[in-house]
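Undergrad: Please construct the entire structure, taking both the sequences and the accompanying hints into account.
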Amino acid sequence: MTEVAVTPDLVAQHGLTPEEYDRIQAILGREPTFTELGIFSVMWSEHCSYKSSRVHLKRLPTTGPQVLQGPGENAGVVDVGDGYAAVFKIESHNHPSFVEPFQGAATGVGGILRDIFTMGARPIAILDALRFGDLSDPKNRAIAEGVISGIGFYGNCIGVPTVGGDVYFEPDPSGYAHNPLVNALCLGVARKDKILLARASGVGNPVIYVGAKTGRDGIHGASLLASAEFDEASAQKRPNVQIGDPFLEKLLLEALLEALDTGAIVGLQDMGAAGLTCSTCEMAARGGTGIEIELDLVPTREHGMTPYEIMLSESQERMLVVVEKGREAQVLSIFHKWGLDAVVVGHVTDDALLRVRQHGEVVAEIPAGALANDCPVYERPLRAPAAQPAAERFDFVSDDVAAASLRENFLRLLASPTIASKRWVFQQYDHTVRTNTVLGPAAGDAAVLRLKGTTRGLALTVDGNGRYCYLNPRRGAQLALAEAARNLVCVGAKPWAVTNCLNFGNPEKPEVMWQFSEVIDGMAEACRAFDTPVTGGNVSFYNETRGKSIHPTPVIGMLGVLEDVGKAVPAGFRRAGNALVLLGGAETARDTLEKTFSSSEYALRIHGLAAGEPPAIDLALEKRVHDCCLELMRRGWVLAAHDVSDGGLLVTVAEGCFAAQNGLGAELTLNAPLPLEAVCFSEEPSRIVLEVDPTHLAASLQVAAQYLVPAKQLGTTTQGEFRVRFNGQVVLSEDVNILKEAWATSLARRMRSENVT
Amino acid sequence: MKFGVVIFPGSNCDHDTLHVLRDVLGQPTEEIWHQSTELGGLDAIILPGGFAYGDYLRTGAIASHSPVMGAVKKFAAAGGLVLGICNGFQILLEAGLLPGAMLRNRRLKFLCRLVHARVETTDTPFTSACRVGQVLKMPIAHMEGNYFCEPETLAELERNRQVVFRYATPTGEVVDTEEANPNGALANIAGICNRERNVLGLMPHPERASEPLTGSADGRLLFESMISSLVSK
Numbered sequence: 001m002t003e004v005a006v007t008p009d010l011v012a013q014h015g016l017t018p019e020e021y022d023r024i025q026a027i028l029g030r031e032p033t034f035t036e037l038g039i040f041s042v043m044w045s046e047h048c049s050y051k052s053s054r055v056h057l058k059r060l061p062t063t064g065p066q067v068l069q070g071p072g073e074n075a076g077v078v079d080v081g082d083g084y085a086a087v088f089k090i091e092s093h094n095h096p097s098f099v100e101p102f103q104g105a106a107t108g109v110g111g112i113l114r115d116i117f118t119m120g121a122r123p124i125a126i127l128d129a130l131r132f133g134d135l136s137d138p139k140n141r142a143i144a145e146g147v148i149s150g151i152g153f154y155g156n157c158i159g160v161p162t163v164g165g166d167v168y169f170e171p172d173p174s175g176y177a178h179n180p181l182v183n184a185l186c187l188g189v190a191r192k193d194k195i196l197l198a199r200a201s202g203v204g205n206p207v208i209y210v211g212a213k214t215g216r217d218g219i220h221g222a223s224l225l226a227s228a229e230f231d232e233a234s235a236q237k238r239p240n241v242q243i244g245d246p247f248l249e250k251l252l253l254e255a256l257l258e259a260l261d262t263g264a265i266v267g268l269q270d271m272g273a274a275g276l277t278c279s280t281c282e283m284a285a286r287g288g289t290g291i292e293i294e295l296d297l298v299p300t301r302e303h304g305m306t307p308y309e310i311m312l313s314e315s316q317e318r319m320l321v322v323v324e325k326g327r328e329a330q331v332l333s334i335f336h337k338w339g340l341d342a343v344v345v346g347h348v349t350d351d352a353l354l355r356v357r358q359h360g361e362v363v364a365e366i367p368a369g370a371l372a373n374d375c376p377v378y379e380r381p382l383r384a385p386a387a388q389p390a391a392e393r394f395d396f397v398s399d400d401v402a403a404a405s406l407r408e409n410f411l412r413l414l415a416s417p418t419i420a421s422k423r424w425v426f427q428q429y430d431h432t433v434r435t436n437t438v439l440g441p442a443a444g445d446a447a448v449l450r451l452k453g454t455t456r457g458l459a460l461t462v463d464g465n466g467r468y469c470y471l472n473p474r475r476g477a478q479l480a481l482a483e484a485a486r487n488l489v490c491v492g493a494k495p496w497a498v499t500n501c502l503n504f505g506n507p508e509k510p511e512v513m514w515q516f517s518e519v520i521d522g523m524a525e526a527c528r529a530f531d532t533p534v535t536g537g538n539v540s541f542y543n544e545t546r547g548k549s550i551h552p553t554p555v556i557g558m559l560g561v562l563e564d565v566g567k568a569v570p571a572g573f574r575r576a577g578n579a580l581v582l583l584g585g586a587e588t589a590r591d592t593l594e595k596t597f598s599s600s601e602y603a604l605r606i607h608g609l610a611a612g613e614p615p616a617i618d619l620a621l622e623k624r625v626h627d628c629c630l631e632l633m634r635r636g637w638v639l640a641a642h643d644v645s646d647g648g649l650l651v652t653v654a655e656g657c658f659a660a661q662n663g664l665g666a667e668l669t670l671n672a673p674l675p676l677e678a679v680c681f682s683e684e685p686s687r688i689v690l691e692v693d694p695t696h697l698a699a700s701l702q703v704a705a706q707y708l709v710p711a712k713q714l715g716t717t718t719q720g721e722f723r724v725r726f727n728g729q730v731v732l733s734e735d736v737n738i739l740k741e742a743w744a745t746s747l748a749r750r751m752r753s754e755n756v757t
Numbered sequence: 001m002k003f004g005v006v007i008f009p010g011s012n013c014d015h016d017t018l019h020v021l022r023d024v025l026g027q028p029t030e031e032i033w034h035q036s037t038e039l040g041g042l043d044a045i046i047l048p049g050g051f052a053y054g055d056y057l058r059t060g061a062i063a064s065h066s067p068v069m070g071a072v073k074k075f076a077a078a079g080g081l082v083l084g085i086c087n088g089f090q091i092l093l094e095a096g097l098l099p100g101a102m103l104r105n106r107r108l109k110f111l112c113r114l115v116h117a118r119v120e121t122t123d124t125p126f127t128s129a130c131r132v133g134q135v136l137k138m139p140i141a142h143m144e145g146n147y148f149c150e151p152e153t154l155a156e157l158e159r160n161r162q163v164v165f166r167y168a169t170p171t172g173e174v175v176d177t178e179e180a181n182p183n184g185a186l187a188n189i190a191g192i193c194n195r196e197r198n199v200l201g202l203m204p205h206p207e208r209a210s211e212p213l214t215g216s217a218d219g220r221l222l223f224e225s226m227i228s229s230l231v232s233k
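So the protein sequences, as listed, match chains A and B.
No gaps in the numbering here: position 69 of the first sequence is 69 in our numbering, and each next residue is one more.
No gaps in the numbering here: position 152 of the second sequence is 152 in our numbering, and each next residue is one more.
Misleading hints may appear alongside valid ones.
To give a feel for the contact side, a few chain B residues facing chain A, derived at Cβ under 10 Å [as the list claims (entries may be wrong)]: (1) Ile7; (2) Gly10; (3) Asn12; (4) Cys13; (5) His19; (6) Val20; (7) Asp23; (8) Gly49; (9) Phe51; (10) Asp55; (11) Tyr56; (12) Ala141; (13) Ser210; (14) Glu211; (15) Leu213; (16) Gly215.
In short, the hints are calculated from the structure, not lab data.
All C-beta atoms, glycine included, are put in the ideal place defined by N, C-alpha and C.
TA: Below, the structure written as C-alpha cells:
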C-alpha cells in the first residue's frame, strides 16, 4: 500500500503551521510519512501539547508537603494521611458535548475515570462543572438534557457516584449557548505505595493492549474538535465524537485493579486523546525508552484500517500496559477472565524511538521524547481588551422601593436556574453507590466521602464564576479559589490541593491570552494564600463560536481533608431557636458596592446586567475566616454552615432553611447604613453563615475576635416563617414553604419549558 | 453460616454488599463468580445491584441466563435464601424466580434518592427483625424500577402476602404520589417474595443504608433478619 503524499495543503489541513512542519523535518531529518504527519499533528495539537499555555502554567505553585505527584502525569496525587493517597483531576469535554451532548458528556466522564484508575487508584467520586446558555432557548434545554443524561449514563453504570458539582445557566454574553462547558472531575484513592506512573521502563518488557477494539471513531478528536473554533459546519464533526461504553470500562477498571495486585505491571496509560499515539510516545518519553509496536496485532473493529487510522483513533475504553517480561501470561489471564481483548502488541526498546510497524514494515519511526516534549512552545502576544466591559455604577433604588418589591424579587432570584435547587439534575446521578457518601449533592457546601478503613473524610468541590472572570479575570480567579476553599471549610475540611480546568477562547487572540495570563496570576496568588498547590488539570482553548469567545471560565476543583468524617458539617439548619452568625466579611462602602453590584446574580436576573467589577477580595482575611471557622467546628460549636455566594446573604440563609429536615424558617435582623438591595443580595466574599447553639454564641464571637475575624449574630432559626428586619423595619415576612416551592420546582419546570417568572 | 455474593460482569454494588456483610456485620462471605455452578456450603445468596452485562438487551435479561443462575435456581428450590437487590431483583424477575417485570420509571429518567419503604409482612426470613408497618429509609438508584404485573398475578401476590415492601410517605402512608412512589410502581410495590418466602427481590438498597454515617441504618434490619433466621434454622 502506498501512503498519501505529504503536501503543504495536507500539512495545513492537519492544523500545523509551516514553522511547525520545518521543526518536524528537523527532528526526523527527512520528510514525514502521512502516518507520521498525523501522529505529529495530534501530539502537537493545542489539546495535547499545551503549546500556548505552558509558559503561563509554570507560574502556578505545584509543590507542598502533601503533593506526591504534581502536574505531568495522568492525574495529581496527594497524601491524605493514614497511608492513603488521593488521586484527582478535572478535564473538559466541551466541544464533543456541544456536537453530541449525550455521548460527548458520557465519554468525558469515561476519560477522566480512566485517568484516575490508570494511576492504580480506585475511583470513588465524580463531580461535574456545567455551564449552559439560557433555558428559555429549546436548544439549550436539549444540550443540558443530553449532557446530564450522558453523565448519569456513564457514572451510574460504572458504579462511581456523582456526588456534586455546579451548574450555571448564563445568558449571553457568556457564550455558553453555543459552547457549553462540561468539566468532569474524578477522585480516586489508593494506598500510597501502590501508585503507578505512566512509564515504559525495562527494555524488552512486553507492551499489552487491553480493552475495546480500535475503530474509526474519534479520529482527530483532539486536533480538529478540541483545538479549533466552532462554526456552522461543526455538526459535520459529529463523527469525530467517540461513543462510550461504560460497561466495558467497568470490566477494564476491575481487571486492571486486579492485575495491579499481581505486581507484574510496571506502567500503564489509557488511550484517550490521540489514542495509541499519545499513550506510546508519552510512556516511552517518561521512561526514557522507546516502544515498538506491530499494528497487525492491534484488535480492530474493521478490516483494512490504515496505520494512520489505527494510530489516531480515539476509540474509548482502551489501555496500554507495560508488564514485567515473563509475567505477561499472568496479566493476560486476568484480562481474559474479565472478557477483555488483550494482546501483546510490542515491547519496550532502548533506542528512544516510537517505531510503528504494519505487516512487518516500518510505517513510522519518531524520537519519542521529541514527539512528546519538543513541540513548539508559544509566548503568544497578550493585550488587555481596549474597551473593558462597561464599568457602570449600579443605581440602588431607595429602601422603601426596595422593600416594596423585596418579596417578588427574592422569589425571582430563588427561581433563577443558577440558584434554584439542582435536584432535577442530581437525582439522575447515582450518588450513593460505594457507600462512602456522607454529604451528597446539596447536603453540604462540598461533597464529603468517608475513607473506608480510617476515620478520615475527603471533601470535594468545583467552583468558578465566569461572569466575574469576564469582568476581571485576575480577581475572578481569586474569587473562584476562595469560594472553593470556603466551601471545603464549611463542611469542616481543611483545603488541601487543587486541580483546575481552564476554559478559554482562542489563544491566538491577544485579549484571550491576556485573560488567561491574568487568571493564572490570580490563581497563583490565591493558591499561595490558602496553601493549596495545583496538582494538575486541563486547559481548554478555542471555546469560541463564530468568533465570539466564552466568558473566561477557570473551574477550580479543590480537595479537602477531614480528620474525623463523623464531624462533617451540613448546610441545612438543624433546629429552631439557634443563633445564626455571620462570620467574616469586610466593611464595604456604598461607593464600592455601586461598582460591584452589577456583577451579581441579582443584577443579572432582576436587571439583566452583567457589568461592573466583581467584589473585591482580601485573601488574608479570607484565610483567617477559614481558620476561625475550622476552629469553631473543632470545638463542636457549629451545627450547620453555608457560605455566602451567588445570590447573596438572603439566598444563603434561605438555602439553609430549605435544606433543613423539617421546614425551618429564620428571623434576621440586619442593620447597616447601606442600601437594602445591597445588604440582601450583594456577593461580597469571605462570609459564612453558621448555625450555633445559643449557649455557644458568646464564646464563638470571642474566638472570632481572637482570629481578627468580624462576626455578629444575624438572627435565629425559627419554625416556618422567613422574616427580615432591616434598620428596624420588617421588610419581608413569608411562609418558608412558599419560598421553597419557588426554589425547588423552578428547574424541573424550566426543563419542561413551562413559564417561570 | 456463610453468605455468597454473586459477581456478574457489570455488578457494581457487590463491594458494598460485601462490605456490609463482612465489615459491618462480621459474617463470613464468599464472592461467587458468574461462571460458577457450585454453591455448596452457602446458606444465603445475594444478587447485588449494578448493570450486569451492561443491562444490554434488557435489564437482567442476559444475567438470568448466566451459568451461576442455574445453580441459584437449584439453591432456591432447595430452600436456600436468595436476596436480589435492585439489578439483582431485575435478574430474579427475568430468571422467573419472582413474578412480574420492570418498566422504566414514570418520568423515564434514572432516579437516585431516599425512599420510605413500608414493611408489609414480617413473615419472611428477610423481615423477621422488622415490625409490620415499620418505615425503612433506604436509597433507590435505578432507571427501571416501575414494577408491573398482570392483575391476576397482583391478586395472587396480595392473597399470599408476597408484597414485602411498599413505597410510602415518611409516616407510612401508601399513596401514589411522585414523592412517595417515585418510579410509579404498581400498587407501590418496592419488594416481593416468592410463595415459599425464601426468595426476595427489592429495588431499594439496604446495603447502602446499613451505617448511620451514610444517612440511615434501617437497611441493616434485612441482613440481621437473614442472620437470625439462619441461626435458628
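Undergrad: For every hint, state whether the structure bears it out.
TA: For each hint, the structure was consulted:
no.: 1; hint: Ile7; verdict: holds (9 Å)
no.: 2; hint: Gly10; verdict: holds (5 Å)
no.: 3; hint: Asn12; verdict: holds (3 Å)
no.: 4; hint: Cys13; verdict: holds (6 Å)
no.: 5; hint: His19; verdict: holds (6 Å)
no.: 6; hint: Val20; verdict: holds (8 Å)
no.: 7; hint: Asp23; verdict: holds (8 Å)
no.: 8; hint: Gly49; verdict: holds (8 Å)
no.: 9; hint: Phe51; verdict: holds (5 Å)
no.: 10; hint: Asp55; verdict: holds (7 Å)
no.: 11; hint: Tyr56; verdict: holds (7 Å)
no.: 12; hint: Ala141; verdict: holds (4 Å)
no.: 13; hint: Ser210; verdict: holds (8 Å)
no.: 14; hint: Glu211; verdict: holds (7 Å)
no.: 15; hint: Leu213; verdict: holds (6 Å)
no.: 16; hint: Gly215; verdict: holds (8 Å)
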